[in-house]
Amino acid sequence: MFLINCPYCGERDQQEFKAGGEAHIERPKQPTELSDDEWAEYLFMRKNIKGVQFERWNHAHGCRKWFNMARDTSNDEIKAIYKIGEKPPTQ
Amino acid sequence: MTQNLRVKSSEFIDETNRISFKFDGKTYYGFKGDTLASALIANNVHLVGRSFKYHRPRGIMTSGSEEPNAIVQVNPNSNITEPNARATEIEIYEGLEASSQNCWPSVNFDIGGINNFLAPLFPAGFYYKTFMWPKSFWEKYEFFIRHSAGLGKSPNTRDPDIYDHRNIHCDVLVVGAGISGILAAKNAAKNNFKTLLLDEKNELGGSTIFEANEDNKINHNSAFEWLKKEINELKNIKNLEIKTRTSVAAYHQYNYLLARENLTDHLVKKDKKNKIRQRLLKIRAKKVILATGALERPLIFNNNDRPGIMLSSAIKKYSNFYGVACGTKNIFFTNNDSAYESALSLHNKGIKVEAIIDIREYSDAKIIKKINDAGIKIYWAHTIVDTKGYKRLSGVSIMKLSNDGTSVTGNKISISCDCLGIAGGWTPAVHLYTQSGSKLTFDEERKIFFPKTDTKEQISVGSCGGDFELDEIITNLNYKLKNFLNINKTDFEGITLENDHETSKRNIWLLPSDQTIGKTKPFVDYQNDATAKDIKLALREGFRSIEHVKRYTTTGMGTDQGKLGNMHALGIIADTAGVKMGELGTTTFRPPYTPLTFGTIVGRNVGEFFDTFRRTPMNDWHIKNKAEFENVGQWKRSWYYPKEDETMHQAVQRESKAARQSAGILDASTLGKIDIQGSDASEFLNRVYTNAWSKLAIGKCRYGLMLNEDGMVYDDGVTTRLGENHYIMTTTTGGAANVLGKLEDYLQTEWPELDVYLTSVTDHFATASLCGPNSKKILNKIIPDLDLSDDNFPHMSFKEVLIDRIKCRIMRISFTGELSYEINTPASYGEAIWQKCIEAGKEFNITPYGTETMHLLRAEKGFIIVGQDTDGTMTPIDLQMGWIVSKKKYDFIGKRSLYRSDTMKEDRKQLVGLLTEDPNIVLEEGAQIVSELNQKPVEMLGHVTSSYFSPNLNKSIALAVVKDGKNMMGRKLFVPMENKNISVTVANTVFYDEKNERLNA
Ligand SMILES: [Zn+2]
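So the protein lines, in turn, are chains A and B. For the record, in the first sequence the residue sitting at position 8 is 10 according to the working numbering, with numbers rising by one throughout. For the record, in the second sequence the residue sitting at position 258 is 928 according to the working numbering, with numbers rising by one throughout.
These are calculated hints, taken from the structure and not from any lab test. Treat the hints with care, since some could be wrong.
Estimated spans, in silico, between C-beta atoms of each pair [as the list claims (entries may be wrong)]:
| hint | chain 1 | residue 1 | chain 2 | residue 2 | range |
| --- | --- | --- | --- | --- | --- |
| 1 | A | 38 | B | 1407 | 49 to 59 Å |
| 2 | B | 1111 | A | 89 | 54 to 64 Å |
| 3 | A | 39 | B | 1607 | 31 to 41 Å |
| 4 | A | 28 | B | 1370 | 43 to 53 Å |
| 5 | A | 51 | B | 1079 | 49 to 59 Å |
| 6 | A | 49 | B | 1153 | 34 to 44 Å |
| 7 | A | 51 | B | 1077 | 29 to 39 Å |
| 8 | A | 89 | B | 1146 | 14 to 24 Å |
Quick reminder that beta carbons are idealized off the backbone N, C-alpha and C, glycines included.
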């Protein structure tokens, strides 16, 4: 059970949050211009790596804000938490 | 024959308080402070169970939670009986009843015992290999397995006990109250850390308080006396909370731990009453100090499982702590010095120790001299090759070990005994450490896995950290604590320590016998009856991964998770496969450390508190009017309103007719409602719905379909434009929360530039839906001032009105195809307005109807229910709702996916109507549809999604999804059922009033 530091509310129990999959996958601005393959790439393909992964999280039972998290999937260490729109930390 | 083996008075046993209890139907006596195990041993009862596979007689082996054999059924004759309790943990109380498990008809005469003599037929993987074939025999096998292998029986009525949960936040959590845990907790609390100290036993002090090792001294006094003073001081320390009888079950990430606090199990029946039995502590600690100690290892040799064979340290605890002798003629078998301490301590109490068998060549520890002085014979470099005695150990045979330890030589010596203490060294109790995700490292020299790293949030101290000798423990504890707590000094710094040191080591995972391994039974996992032979067989058969060997042989898979024998299993695998143990790794330790009852896990969340109910403001009226309720998500919705002895079918038919013939009323309060405001509200709706919204006039309503980005239908509902920048969206009852979440997600992450605000207002409004040809007249009676003409208040429009000075929103929208009004009132006036409608409708026989009638009426009109007629694989085109998909809009959620090659395929499953050849046959929802009856295998074309008997059409109707259904109008298909094939014809989805004339009737 993670302890997650919501950038708007502070440290809360994981129970209050909802995971939202891989972060930094922008919805294409002009979907109609994309081939089936390109659209499928956006729609279906997600990373599942062992190591640091960037994820979207939502404080669903709190402020309801979405934010991003860099998490090491091998040991669940939360490396960083940052707001939507901010660039992922480089290290 | 009972025999009293109580040998000395102990300060932990209250001999003035005699307690009677029953075991296997027989009455015994013990004292306050005894466990069931110590009391049974005092009565010379060792045989307490039968093993799982071979039904071999088994006795008490340990004195703690690692016990593999003494697993008993508590209150065996009650329907609230509890299985799988460990006799070594049950504190006896007056009236306690327990019985052996896994033996029938009795522990002394066990039919399954025959399996023992058939053992060659039960090798590793026996169950997998044998019972898989032939398939038709499975029922017989299952009967056999269940009958002869049951691990206890479960209670068959509701658990009457009270359980509780508590959240605890602390600075420092210390798990284990042995000498390390006590010193750690005391120093943390004294340095202003809010500290919690937990121990699974009922007494603090761990093994130090019964060790009584004369060579272990602190400040020139016995370690025990010194520790007792420390324990006494704990009472006066602020910031320190201590919980005994509390075992940590799980250690999750971020220092989140679950512990079970046992509050009443040790009390007599009348004192248990109305008290919380167990409490689940949910602990979030800033720092965790693990001081969980070490578990003594057994030794693995031929027939090492007879009742009377126990861990050496357990024998010492029974004699020193409980004042009970485990036998009258004792032998110890060891690979280290600790058995000598046990032997000496028995000897000093006048309990006879016949001999010590040591696999080592020598030891120069000080204690050896004392053993020699006591006249106890030591057999150096010997091993036990066999044991005797069926229901109780009667003797052992020993032989000299070869130099390399793989075989035996010389003459066989027999020694008679009734108790054998085995000492195979110590295994740090690292279960919680590894549960937390931390990694172990293997010490090749000492043959132990121990915690690799300490972090800022977690340390392991004492023997669970790999320190076994007193001076090592205290010195390292002092150093670790100062770093971990960032303090300058501990209060035990500078105490003087004296202790003996172990110098000689020899470890042999599987001890040899004079017989071939095939003829021996060296048990590794006692509870699951896995022997070293099984492990070797698994390796011969090609298993290499320890996780696979574990499952194939069932080693470590019992309720004790193989706490005793896991290391030996790993050692034997490593030796046999010729790899290093450190490279092999360990199997995973999973929570819970010891089993938890379901009651503890659910706590107070039982019965009506199991899940939240949501009730509408009109709920009391529904109850008064005898509604049957249906669960829709968390909502309790009126399902139908039976009159007198009407069946559900009769009630629904009546309600459905009334709604079409005169007037009906439905409580639609549960529909999700989202208030949408902001200057970009129209643009936002354009992006989330498939149809266009910009041109919707203020005061008008529009039906919308929402897709997922994959093009599949997600939700639907009517949205009303209340003002220039103000809409109210309705969603399905079950989808409300998810729709809001999805909309917020897009707003926050994809379109943050939009000026839109979303508020869930589902609970703010109560909704009464008036429907039927007389609904206009009824509404007119309630609001005479409002012009209800089709010109002023047409279908799909909205009015804000006052009813008795209450501001209400009325939408003229219809889910039944009838003229219909939805009256939305502030929730607290919901019941009043509903009553008003009922009163006004009386002269028109207004009929309240529930969700079942609503479903029937909409099915007559071919209106979909998202989640019933759709399942996440249906596009609007599949639903034949292409009319609602805007071709002009550049983009909306899911649009691009509607043009994928897959979603554009002509022969996808499509929504169609089905009519049965016999109009009285109602299809089963979920039934499969085929076009051929004689073909095998036959292609499943689709399935029935909604099906009813329509009273208004006087025939059965159904909606279904059928492959290429769009092109099958009029085709004859079949619905094969168990006893008959039903002929159906593909039809239009709209069965009733195709021209929508009734909307303005
Ligand atoms: Zn928050």
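Query - residue 38/A paired with residue 1407/B, Cβ distance criterion 49 to 59 Å - result: 33 Å, violated
Query raised in the report: Falls inside 43 to 53 Å, the C-beta gap from residue 28/A to residue 1370/B?
Result: 35 Å, violated
Query raised in the report: When you take the CB atoms of residue 39/A and residue 1607/B, is the distance between them in 31 to 41 Å?
Result: Between residue 39/A and residue 1607/B, where Cβ atoms are some 34 Å apart, the hint holds.
Report task. Could you say whether the range 34 to 44 Å given as a hint is met by the Cβ separation of residue 49/A and residue 1153/B? Result -> For residue 49/A and residue 1153/B the Cβ distance comes to about 38 Å; the hint holds.
Query raised in the report: Cβ-Cβ distance between residue 51/A and residue 1077/B: within 29 to 39 Å?
Result: Violated, since residue 51/A and residue 1077/B (Cβ atoms, about 51 Å apart) do not stay within the stated range.
Query raised in the report: CB of residue 89/A to CB of residue 1146/B, is that within 14 to 24 Å?
Result: Since the Cβ atoms of residue 89/A and residue 1146/B sit about 45 Å apart, the hinted range of 14 to 24 Å is violated.
Query raised in the report: Can the suggested window of 49 to 59 Å be confirmed for the beta-carbon pair residue 51/A and residue 1079/B?
Result: 57 Å, holds
Query - CB-CB spacing for residue 89/A and residue 1111/B relative to the 54 to 64 Å hint - result: Since residue 1111/B and residue 89/A have Cβ atoms about 38 Å apart, the given range 54 to 64 Å is violated.
The structure is inconsistent with the numbered hints 1, 2, 4, 7 and 8, although it conforms to all the rest.
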